[in-house]
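Model the full assembly from the supplied sequences, consistent with the hints where possible.
This is what each chain is made of:
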Amino acid sequence: MAAPAIRTHQLTKRYGALLALDGLDLSVPAGEVFGFLGPNGAGKSTTIRLLLGLARPTAGQAWIFDTDAADVATAHRLLAYVPADVALWPQLTGAETLGLLAATGPGVDRAYRDELVDRFDLDLSKPARTYSTGNRQKVALIAAFSTRAPLLVLDEPTSGLDPLMELQFRRAVAAARDNGQTVFLCSHQLAEVEAVCDRVAILRAGRLVDVATVPELRRLHRTEVAAHFAGPVPDLHNLVGVDNVTQASGSVRFTLTGPPAPALAALAAADLTALSVREPSLEEIFLDYYGEATR
Amino acid sequence: MTSSTLSAVAAGSAVTRLAVRQVRRGALVILAVTVGMSTLVAATYLRTVGAGLDAGALAALARNPAIRTLFGEPVALDTAGGFTVWRTGTVLAVLLSVWGVLTTTRVTRGEEDTGRWDLLLAGRPTRPALLGRHLAVLTAAMALIGVTLSAALIAAGTPPRGALLHATGLVLTGTLAVAAAAVAAQVFPARAGATGAALGFLGVGLLARMVGDGVPVLGWLRWLPPYGPLALTRPYRDDRWAPLLVLVLASIVLAGAALALAERRDVRDGLLRPATGRPPRRWLLHSVAAFAARRTLGPLAGWSAGIGAYFLLIGLLADSMTGFLADNPRFADLAGQAGFAGLGTVRGYTATLFALLAVPVGAFAAVRLAALAAAEASGRLTLLLAGPVTRTRLSYAEVAITAVGMAVLVTVAAVATWLGATIVGADLALPAALAGTWNVLPVASLGVGAAVLALGRAPHAVTAVGLVPTAGGFLLKVVADSVEAPAWVSGLSPFAHLAAVPAAGPDWPAAAVISALAGVAVLVGAWGYRRRDLHV
Chain A
3 MAAPAIRTHQ
13 LTKRYGALLA
23 LDGLDLSVPA
33 GEVFGFLGPN
43 GAGKSTTIRL
53 LLGLARPTAG
63 QAWIFDTDAA
73 DVATAHRLLA
83 YVPADVALWP
93 QLTGAETLGL
103 LAATGPGVDR
113 AYRDELVDRF
123 DLDLSKPART
133 YSTGNRQKVA
143 LIAAFSTRAP
153 LLVLDEPTSG
163 LDPLMELQFR
173 RAVAAARDNG
183 QTVFLCSHQL
193 AEVEAVCDRV
203 AILRAGRLVD
213 VATVPELRRL
223 HRTEVAAHFA
233 GPVPDLHNLV
243 GVDNVTQASG
253 SVRFTLTGPP
263 APALAALAAA
273 DLTALSVREP
283 SLEEIFLDYY
293 GEATR
Chain B
19 MTSSTLSAVA
29 AGSAVTRLAV
39 RQVRRGALVI
49 LAVTVGMSTL
59 VAATYLRTVG
69 AGLDAGALAA
79 LARNPAIRTL
89 FGEPVALDTA
99 GGFTVWRTGT
109 VLAVLLSVWG
119 VLTTTRVTRG
129 EEDTGRWDLL
139 LAGRPTRPAL
149 LGRHLAVLTA
159 AMALIGVTLS
169 AALIAAGTPP
179 RGALLHATGL
189 VLTGTLAVAA
199 AAVAAQVFPA
209 RAGATGAALG
219 FLGVGLLARM
229 VGDGVPVLGW
239 LRWLPPYGPL
249 ALTRPYRDDR
259 WAPLLVLVLA
269 SIVLAGAALA
279 LAERRDVRDG
289 LLRPATGRPP
299 RRWLLHSVAA
309 FAARRTLGPL
319 AGWSAGIGAY
329 FLLIGLLADS
339 MTGFLADNPR
349 FADLAGQAGF
359 AGLGTVRGYT
369 ATLFALLAVP
379 VGAFAAVRLA
389 ALAAAEASGR
399 LTLLLAGPVT
409 RTRLSYAEVA
419 ITAVGMAVLV
429 TVAAVATWLG
439 ATIVGADLAL
449 PAALAGTWNV
459 LPVASLGVGA
469 AVLALGRAPH
479 AVTAVGLVPT
489 AGGFLLKVVA
499 DSVEAPAWVS
509 GLSPFAHLAA
519 VPAAGPDWPA
529 AAVISALAGV
539 AVLVGAWGYR
549 RRDLHV
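Residue numbers (my numbering), protein chains in the order written: chain A, 3 to 297; chain B, 19 to 554.
Keep in mind the hints are simulated off the structure, nothing from the lab. C-beta: ideal position from N, C-alpha, C; glycine also. Nothing false has been slipped in among the hints.
Stretch-level coverage of chain B by chain A, calculated; a stretch enters the list once three of its residues show a Cβ under 8 Å from a Cβ in chain A:
1) 293-304
2) 385-398
3) 401-408
4) 543-554
This is how it looks when you write it as structure tokens:
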């Protein structure tokens, strides 16, 4: 079996008294588009800094395709990175920046780069000083995708892009996936994660909460059910997996977690006239996770 | 007062507090150096100079164009105050004005370039108000330095009139530099350009003063700000206040212009706008080392111009200076006490001034490595380091390019001195000049070592730590020699182990030990840089 693109073992990072990352065990198989979610301060950026060897773990270890992440000369031949906050050399133009990154990076597919420049509609003749946040992000995205590196580590890559450009970004991720590349995507744009990611990891307060496919997450989470009845409304209060029951005359709304059979059996026994089931969006799942933290 | 004027006052004082926070540390260091140097020279005057100066020697000194050019016109050397003004006046004026320029462009244009002023300007402060508050705080800092300096000079026993005049002159020079930098910050599209232009203005001003001091026919040049009028005030002898009016008027005009221009331009844009696009210049982008070279070329040209101009002047003055000191041994003794021995021959004279070269060359190294630390802090290194580039390679590339730059600087100094000396017919061969300037490289390389150590351990303090062995070592030696401290104190300074090349042969063992120390510091610093977390 091929080595996982990313593997961490008990990866831990402490900044003084703050435990930023607490024993993270993660494995991202090659070829997967992997979403990495968590609220601000959960440890996402810390994880990325450790994976890139920009910071040293307090304990534990990380590997990029079986290379120790600390061995950047080898590991970074296999990856490209887009930081959340792209800083460029202000006096270099876009073209010069791409030239520098191509020369010092893991390699470049020039034809694909030119195509990306077209698609992202970036004026390369301007000095980086004059670029907006979105344009700086485009430079970093073009540089990263055009490496065709086996692993792309993307930290909030679209926070400055408009919807048209975000569409281009999704196309580029899809192309990378078709190409067999692995994408590690850290994002708050949950619709985007939902659209492109195969699996999602959820991080909270430096700990891994869950790793699952998006449909699995849905199954694990509350589905909203609304039912209407011709006759009396059945009592659902004591059923396993049923929560937040609100009853009105002739109708009931509730949330359902886990296997739906007991609830459905109870509903079927009554005189059911209409039933609507709505799966939660990733955003709702996300809020669910972090809502719990504050409760 | 209405609540809106109240909150306007609150907004204004918040900006003032911000400006004070950004300025205070540097201001305190400058205050300590200014007051410390002046008091030390004034207080030790009797011991170092005392009654050893007769009228004839003084008259000879005052007439000598070389002395006048390099150190300014000696005015009242028979008094402690006058001697202090002559010994420290120019150095302190340059120190205050350079600090004024660097700080002004840092806290105004630099803050604006990072986008932090966008936040402030989205609130109540207008652009002129924001700039004005910062200029006011810098002016207040200069005034504080002046008040402390005049109090210290009066306490040291010099007449109050002269002390006040000298301190006021220095303060106004600093204030004028602040105002000039503020104008440059409105005109140029980025901080570096504004800083360069303002420093250029100071350089031209210094040149005008030197020529005005040295060549009597061109004495009127000393009316040009910022340094010339200081020479015309003649503290502790004639106590003329009128020349300072030039500095006051120039400061007011420049500050007014800066405030007016601040309103007429876009935030984060200068009045001069570079073309919005240009074809790519792809040279020196093909590797980390090449890119380090590309980033160094511009600053190196600036440093070369400054060092080249200064040493050309040293060469041009070689004959006049050595002749004077050979004829007036009392001054040669005095100069010897201040760390300038053997000035009586061309080789001795150049050897002494070449030793000085270690300070700017060490400073160049410190500033280059500080630029690397700044690139890291601003996040510009992140994309480079996300490629297969180790931090070891990155830091060694920067060190290697910096070392090449240092070699260029000392070579420029040698060629400029040789050129100047050859023009006036002084006896200095190019190989001797080269040997003299290359001789300071080991000492200057201690600056690289210290800066790399700081890069590995304390990346926010690279410049300060990098200056310790060179500028710090030089000050230590001068102060230790001036107050006749025990030999081991001045022995701590690398300058105590620097042979007077080309007057004497190089001290190879000392050079080897110093180079080895610098090398170890680079290795340890680079190791620390590789192992620490990146600061972004």
